[in-house]
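Residue numbers (numbering that gives the first Met the number 0), protein chains in the order written: chain A, 0 to 455; chain B, 0 to 455.
Fair warning: there could be bad hints in the mix.
Heads up, the list lumps identical chains together, so a pair's fine if it works in one copy or across two of them.
What the hints assert, rightly or not - Simulated pairs of lysine-lysine, BS3-like, Cα-Cα distance not exceeding 27 Å: (1) 324 <-> 192; (2) 76 <-> 255; (3) 76 <-> 259; (4) 8 <-> 76; (5) 284 <-> 358.
These aren't lab readings, by the way, just hints derived from the structure by calculation. Quick caveat, the model's predicted, so the values are computed rather than measured.
There are 2 protein chains.
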Amino acid sequence: MNNDSIPYKTYLTEAEVPTAWYNLRADMQKKPAPLLNPGTLQPVTAEELEHVFCTELVKQELDDTTPFIPIPDEVQKFYRMFRPSPLIRAYFLERALGTPAKIYYKFEGNNTSGSHKLNSAVAQAYYAKAQGLKGVTTETGAGQWGTALSMACAFFGLDCQVYMVKCSYEQKPFRREVMRTYGANVTPSPSMKTNVGRAINAAHPGTTGSLGCAISEAVEAAVSQEGYRYVLGSVLAQVLLHQSIIGLEAKAAFDKLGVKPDVIIGCAGGGSNLGGLIAPFMGEKLRGEADYRIIAVEPASCPSFTRGRYAYDFCDTGKVCPLQKMYTLGHDFIPSASHAGGLRYHGMSATLSELYDQKMMEARAVEQTSVFAAAEQFARVEGILPAPESSHAIRAAIDEALRCKAEGKEETILFGLTGTGYFDMVAYEKFNDGSMCDYLPTDADLAASFAKLPKV
Amino acid sequence: MNNDSIPYKTYLTEAEVPTAWYNLRADMQKKPAPLLNPGTLQPVTAEELEHVFCTELVKQELDDTTPFIPIPDEVQKFYRMFRPSPLIRAYFLERALGTPAKIYYKFEGNNTSGSHKLNSAVAQAYYAKAQGLKGVTTETGAGQWGTALSMACAFFGLDCQVYMVKCSYEQKPFRREVMRTYGANVTPSPSMKTNVGRAINAAHPGTTGSLGCAISEAVEAAVSQEGYRYVLGSVLAQVLLHQSIIGLEAKAAFDKLGVKPDVIIGCAGGGSNLGGLIAPFMGEKLRGEADYRIIAVEPASCPSFTRGRYAYDFCDTGKVCPLQKMYTLGHDFIPSASHAGGLRYHGMSATLSELYDQKMMEARAVEQTSVFAAAEQFARVEGILPAPESSHAIRAAIDEALRCKAEGKEETILFGLTGTGYFDMVAYEKFNDGSMCDYLPTDADLAASFAKLPKV
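Isolated chain A (complex conformation):
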């Protein structure tokens, strides 16, 4: 297809939508390092994990050899509520930038959770229901994962208990109401409901919390209630597996259009959206079938890839979860209260960490004021008000398109627009008022945090 006859939006038909998730680890020669039991520091067993996670999800977590895992029928049906998502050609942004680059984005924001998080939430809720559980517990940062899980639990009739990072709970008051409308219980974290929450509050009075704290609380809540398990919205291999639907759809749409991207860009917090978006493209790269530049974009305030260490670390502040080998800023690192709540995580997916260590992808850190400037520029021409998290990817996509302009290159750029910013208006207000700041951790902050990495 001629590049200028590409439609603004490409939707797959229901028949073209993928029916299996793609497990990127199956194509990795050197696999991500195994999870370790936090007590014994030995590789964790399925049996140990099943106290915390649903049985089927443990299988998926530990399976690094099966390339395709069928999507259950009920999950495929639920996906039809909001999938396929469109692959959008950003003609208006290209025109505004005056770039010869061709810019595409895969838009995951057209659902009430406001993001891609629903892709994994429905899968995890489905397996919990199939196992006969009463309910699940979880953490949420920006609130997108919590909303997604609330929606999935409402659909399957499961109880849903959400520990929401206090900083986001306060910045996004209406998120709580969306979750309540879907029947969930929402608690600001750190709370006084759990042992670990009380300990964190005692150690850091007035803390605005972090994903690491909220995870510890949710895990404690799951293991201390009969018929409950903990579910997680990012970081884990199972989540990246479910999120591969993003990349699979994007690749199928590109194949249908006869287009091949040169550069693929995603924001990176725990890695769920980036890992999902790049999965099939990275698979081709690993198998030597194609080459792509792949760029992870993270906040300068929480720069796991660009300033972190590749080491075993705890996934949560309370040290109740398994240890994972990953790029990390240290489990004790509490990022500043930036407005991309979904990216405020000290670590990173083990799969993406290993791929970054193998130099299969690049990473860059960007400051939030430049991120919101990109968000506003994008909103005014493309008509979608983006989430602060996704706007990190927009920043990098615009920068790459301007590089193409300077170099006179017609590269094809794909980025992941994971969500909408309708619940982030406090952040936009600060940006509109000119009162938004950038926060960078000092080298001393990081050194102190690295000193607490476990000795494995």
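The hints should help you fit chain B onto chain A, whose structure is shown.
Same frame as chain A, but now just chain B:
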């Protein structure tokens, strides 16, 4: 196509998207009554209207004979940002209700304005720009129209001044920030910026405002600034014309599926969404080519059709706009501060009023607590958190589906889901807390208001 093999979502391709709007009045034997000049009470002339409205829009307003009006190329391009919108088969809602009815909805919420309002906003901004204007003024109730106009003005580089009904301004604090992000100026109405605003504040101290007040302020602001015109998001024939894209797409999708709806339902405030949704179906009905039950659903707190008078009345509280023959509660009627800000208008589209008077459609009024109960039921199974306005249509669609169940009938129901409720969480919070009330005007309230109808 077999009814059960219908996809969850049907999208037209870009080639199938309509390229002309449909002017329903062309097929009406008895036309809507002409607008009257508020000073002379004579039919208003194009020249008089051009002081207030853009020239091309005046032509459209007064043209009740041309059936199809081409959509300008730039508007068609902008439409591709968010159109075609999906026609969705509500399989999950059908299952939850256990009804043999087939339920479809045309979903207009997948754009940042959160509603169908963008369909007309982009058209009006385009004509203002083409006329060489500096900017436009408008009113907004729930904020959807103001957001849509801000988006359209940002795209075309026009100044945008929005008078927002104070009640909604306070209930939806973040709406203002979305509009600001798109570069608009937003003023709560009644304000102290205009003569009419000051007069209304003096006469009704502490008033929470109404669309009627805000319109008067915006019109005054337009005519008192060089290079500005006033634009309106509902009620007018030009708006219904632009909104016909909703119905045209819905009908094209039904034709593609080989399905014909029996019942068509839309919420009715000023009539823009209802008029747009039903346009081509009503056209067939007027031409005797097909029959449909068409139902307008309005709030019991602002029941223009079901308790209003069909009479000439002022469109705005300040009496600066032309008079229109319509179903009205009286221009002095200030509806209670219900949570469907977009439906708090004392009057109704002249076209729809005439059709209702001709008994071509039905109307019913519903109370807001039952509306939010329907909204929550819908959200939990269909995964979309609906706007309070659209939820009036959901209430009626559910009631019709339950009637079908009781009667064992397999009717096909179409309703318009005009928007999302992401900025309506204060309302959902009240519903979740059980503190939401229903407000009905008394007969005495209405009698007092009717007594002030102009003698024409």
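These are the hints, each one checked on the structure:
no. : hint        : in the structure
1   : 324 <-> 192 : neither (30 Å within a copy, 62 Å between copies)
2   : 76 <-> 255  : both (23 Å within a copy, 22 Å between copies)
3   : 76 <-> 259  : between (29 Å within a copy, 24 Å between copies)
4   : 8 <-> 76    : both (22 Å within a copy, 12 Å between copies)
5   : 284 <-> 358 : within (12 Å within a copy, 65 Å between copies)
Of the numbered hints listed earlier, the single one contradicted by the structure is hint 1.
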